[in-house]
Amino acid sequence: MIAALSAQVPGFTPGPGWNVVADVQDMLSFAFMRNAFAAGTASAIVAGLIGYFVVLRESSFAAHAISHIGFAGAAGAVLLGFSPVLGVAVLSLVASGAMGALGQRLRGRDVVIGLIMAASLGLGYLFISLYTGNAQNAYSILFGQIFGITTGAVQITAVTSVIVLAVLAAIFRPLLFSSLDEEVAQARGIRVRAIGIGFMLLMALAVSEAVQVSGVLLIFALLVAPGAIAERVARRPAAALAVSGGLAVLITWVSLALSYYTPYPVSFYVTSLAFVLYLAARAWSAWARRAGRRLALPWQRHHDAGMQARETATVRT
Amino acid sequence: MGAARPGRPAAPAAPDQGPPPGRPPAHRPAPGARPPGPPPPGGALIEASGLAAGYGGRIIWSGADFGIGAGEFLTVLGSNGAGKSTLLRMVLGLLAPAAGTLRVFGAPPQRGNPAIGYVPQRRALDPDLAISAEDIVGLGVDGHRWGVRLSRRAGRERREAVASALAAVGAAGYARRAVGRLSGGEQQRLQLAQALVTRPRLLLLDEPLASLDLRSQQEVSQLVAELRAELGFAVVLVTHDINPVLSVTDRVMYIAGGGVSVGTPDEVITSENLSRLYQAEVEVLSDSRGRMFVVGLEAETTHPHSPASPAGAQP
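Going down the list, the sequences are from chains V and E.
Residue numbers are given in the working numbering: position 35 of the first sequence equals residue 35, and the series is strictly consecutive.
Residue numbers are given in the working numbering: position 49 of the second sequence equals residue 366, and the series is strictly consecutive.
In isolation and in its complexed conformation, chain V is listed as follows (with noise of 0.2 Å):
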């Protein structure tokens, strides 16, 4: 990024410097920066959030598949002359919705939902050999085009950031008993089929944003890592939630950095970030628990095993 615009900027300091500041106010005096930085941080809250929902119900194979059903509605809308985003989520909420009602029917059926996203796939690559106009706009629906936002485009990304979190807190605890524990919540009397769904209205919506920062290829990234690390180490819910938004919002700044100061995309920065800090999540919830279990005390260690040997020993017929 950086090397084409020295070029055409005068006066400019390629490469970044030891003032961040400095780096920063480079950086976002550009118009293009700037959006970039504000959608990005827009979807990234909202795909933290979501995302930490979506290892919580197990759901993050739908939430690969929603996003290649978008796919073919990108695909579609660029054929059709509109906004690819806005095919995007139409399709993703069409296809989530329905998701959602079949809810537990749906469960185990992961050949299904498969062949219905290779479908999408291949119905969006057609619709993408039928146009005629620039391939990079296609290129960019299946990587991320988050440089190229448009100040229409990131206004439309804030506002459904907040009616995401609007929505979100408003059903933040029966969405949290229901994922945990679905049989116990209905019986509480939650309509959970009606909260799943409405998850994964939230879902297809936090797609949506996210498909302009990763694409549809990369969007595992931003709405499964994130989530998945803040499963492992937090031990509070709201304490969850800030670390899965907080490490989204982190990944997409730090790639966002990256990408200008070098010549390499942004969805590439993404993946790999998420990729790393998951990595070092794991190793240190490992890291944590030999060492819980080397401070505890010797008849406690004891008892754990016993109990786990208990629990083993046990398969009645």
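No lab work stands behind these hints, which were simulated from the structure alone.
Even glycine gets a Cβ: it sits at the ideal position worked out from N, Cα and C.
Just to be clear, a hint being listed does not mean it is correct.
Footprint (simulated), chain E over chain V, 3 or more residues, beta carbon under 8 Å [to be verified]:
hint, segment
1, 165-172
2, 179-190
3, 233-245
Start from chain V and add chain E according to the hints.
Just chain E, lined up with the frame of chain V:
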């Protein structure tokens, strides 16, 4: 294997076959078609007459007439797929009776009644789940409410309710630990605490003893019995093995062959009664401690309804 062999550690106390002292003789509906008797003393929590269970027009069992009084302990027995959990779903208001009437606290069953505590069959939690035990139990307090908790007083009341429920089930020691790292038995205590946090008058337990070893089975049934004595709730416990709860249960409900039989263990778990329910030759044996074992007899004539695995039978 070998759920109740002599010489194992922590043998059960000799079962108290009669009704507990100070309690009038248990309400005893005879099996089969029988008008519902008077409600049990202390006000009926559950009243059923001619109750049938089924899904989508298919009847699983029918002809259940029974009542459960305050503080009573009813054990629901039957083999897999007999429709034991279906009874709980009907009491919870999640499934309408296929026939007959069912009244809970004197009214038709309603979803989300805080006077009912429900512990579903245990399922393995994600071992990576770092949410604290406290927060899992706290869902029982306000997990069904909309919006986010803002009031400081509500937060304090929630903490107090959670702490007392955790203490009641003996789980205070791991209140702040990650639930995914707890053992199955510890997770089960949390489920129990979550169900008790609303101070229910009726506790429904679905297979709490399944996949537990003998000693844990005794611990769980003793814990439930102690909590019942202390807090005064009635218990409906679903199991396929009567022996771990024989000493604490007042009455049993045996579901088999599409029929239901309710009464004291001595009345219900007899060779004649179960043979009639299963529509197959079944024999009930009891050992020196009064434990009961149901065994299917290899009859000369095979019958379509022969029991695959009768309750209490040893593999």
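Evaluation of the provided hints:
1. 165-172: holds (count 4)
2. 179-190: n = 10 at 8 Å, threshold three: holds.
3. 233-245: Check passed, 6 qualifying residues.
Hint check: no violations occur; every hint is consistent with the structure.
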